[in-house]
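K.L.:
Listed below are the residues making up each chain.
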Amino acid sequence: MNAPAKTTSLAKRDGVIDWAALREDFPILQETVNDHPLVYLDNAASSQKPRQVIDAIRHHYEHDNANVHRGIHELSNRATEAYEGARQRVADFINAGSREEIIFTRGTTEGLNLVANSWGLENLREGDTILLTEMEHHSNLVPWQLLAQRIGARLDFIEITGDDGQLDLQWLDEQLARARLLSLTHISNTMGTVNPIAEICARAREAGVVTVMDAAQSAGHAPVDVQAIGCDFLAFSGHKTCGPTGIGVLYGRRELLEAMPPYQGGGEMISRVEFRNVTFNVVPHKFEAGTPNVAGAVGLHAALDYLDAIGRGAIFEHDQRLAKRACERLAEINGIRLFGPKKGRSGVVSFVLPDAHALDLATMADQKGVALRAGHHCNQPLLAKLGVPATARASFYFYNTETEVDRFIEVIHQVRKLFA
Amino acid sequence: MADFLNTTLDELIGNFEFLGDWEERFAYLIELGKKLPPLDESEMIEENRVHGCQANVWLRMRPCNGEPPAFEIRADADAFIVKGLIAVLLLIYNGKTAEQIVATDCIGTVARLGLDKHLSPTRRNGLHSMVSRIQALAAESATQTV
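These protein sequences, in sequence, are chains H and L. Residue numbers for the first sequence follow our numbering, beginning at 1 and rising by one. Residue numbers for the second sequence follow our numbering, beginning at 1 and rising by one.
Bear in mind the hints are in silico, worked out from the structure with no lab data behind them. A hint or two may mislead.
Stated by the list, open to error - A few chain H residues that don't get close to chain L, going by computed Cβ distances all over 10 Å:
| hint | residue |
| --- | --- |
| 1 | A148 |
| 2 | I151 |
| 3 | I409 |
Said to hold, decoys possible - Here are the simulated lysine-lysine pairs, DSSO-like style, with alpha carbons at most 30 Å apart:
| hint | chain 1 | residue 1 | chain 2 | residue 2 |
| --- | --- | --- | --- | --- |
| 4 | L | K35 | H | K368 |
| 5 | H | K368 | H | K324 |
| 6 | H | K342 | H | K324 |
| 7 | L | K34 | H | K368 |
Bear in mind the structure is a predicted one, so any value in this text is a computation, not a measurement. Where is the CB? At the ideal position from N, CA and C, for every residue including glycine.
Start from the sequences and build out the full structure, keeping to the hints where you can.
P.N.:
Shown next, in the form of structure tokens:
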């Protein structure tokens, strides 16, 4: 059965994308929240899904659903083709050398845990140093803490320079000289910093340090090319990328993946099993124990098609334009603390108001239909370093508009009056 | 018996019912929060932290003279809406005995204030956490005095 037609509402006027027209593809954006039109500004936590993705998942369950890889029958073949087709699509999306370098996971968190538990346990020893940064999400910190505790490794951190959220790279070569592995985020989920990961990976490679990229905030928002970055591993999530929840991707360089032991045991990941012996399947199947999330992969495939039809370069510029507009208007508030770089930032805007607590602001904004994030954003050590218990965060995506940014600013001014 | 509010629970419920829309109710809640006497910096320690709330919340309880003893409850938070909720909780629980505290359904009262559906699930969990903490401390204290 052929997949449903993948038409988008993509329209261009004089070569310029009509961003507002794309909203037609997102049924959820028509929602009313507390009697106000929804203004969804929590995209760094999860993105919304276009009809094309929802339709692809529905189509899969209505026409192609069966278990993959082992079946002889027609539906199993269709499901396998869909699943492996999605793997190829992911490989193209991040310019991996081959589809064998793509492992499907539940999300970024599982990808990072897989590297820590497989590559890390196999290759790291007591006294080895794992280099991270101070802006890592808990999902790129806690797996390494667990590994370090287990094997007696040490953690070292690239520091941030302050509220502008830049990495202090002046000691990078010295830190790399002491490290075996470097894991860092491409784009900070709290500060909106876009880290110079290609440069950092090049210096890590010279030092013989294995590199792991957390691309959760970047894969759906900016061009991500693993060969241009020159990293050894890269993980991202489907649900932040217009795809469904419960599906994610771990890219790994083939020679590393082939040398790594399996992460979990079960069906799919074996080639031959005896009562006391087992031979493992080849990569990437060696790392995918059990029935995979086939429908998730199908939905992710549709999401990546959707994003590439628009173009991630254009998406990134749109995110930046909205973030710039928001930052300029926020900066007019006396006493506000704005986090992240002044220039070259992503669509993530974090701030602390002088009067209203972030949680109060987010609660009141929700009453007016504006979805913001408030809290520690899974960055507790970073916020502790910055000396704030919580920040409010607006994070933009391509379906957000200038009008929504203005509404967000208007709501902030309305809410502040209550706390004056 | 939360003196700083200078009102009874029934009056408070009446005030909330009088206020028409959610914005006025929240504004009133924030005003209540502003009246809440702060805890001392030295009391805002891990031992007094109430977990399960997105804001930072600290709570202290001590039995006063009398038989059975009534409890003096003090609490503070770093967000004003949560402080307002604390003020309401104190109005409900402060000055009551362990037995009364354990027997009091405060979630129902908060629902009567018309605030429950406007509080996000995590924030509502925070409210539950505060109530659980008050009831657990009261129950613990009751066991110790027996």
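K.L.:
If a hint holds in the structure, say so; if it does not, say that too.
P.N.:
Quick rundown of the hints versus the structure:
Distance check for H:A148 against chain L: the nearest CB is about 24 Å away, which clears 10 Å, and the non-interface claim stands. The Cβ of H:I151 lies farther than 10 Å from every Cβ of chain L, with a closest approach of about 30 Å, so its non-interface assignment holds. With a closest Cβ-Cβ approach of about 18 Å to chain L, H:I409 is found to remain outside the 10 Å limit, as its non-interface label requires. Pair hint L:K35 plus H:K368 holds up; C-alpha atoms about 26 Å apart against a cutoff of 30 Å.
Between H:K368 and H:K324 the alpha-carbon distance is near 23 Å, which keeps this suggested pair within the 30 Å criterion. With a C-alpha separation of about 9 Å, the suggested pair H:K342 and H:K324 falls inside the 30 Å cut-off, and the hint holds. For the proposed pair L:K34 and H:K368, the alpha carbon gap of about 23 Å is at most 30 Å, so the pair holds.
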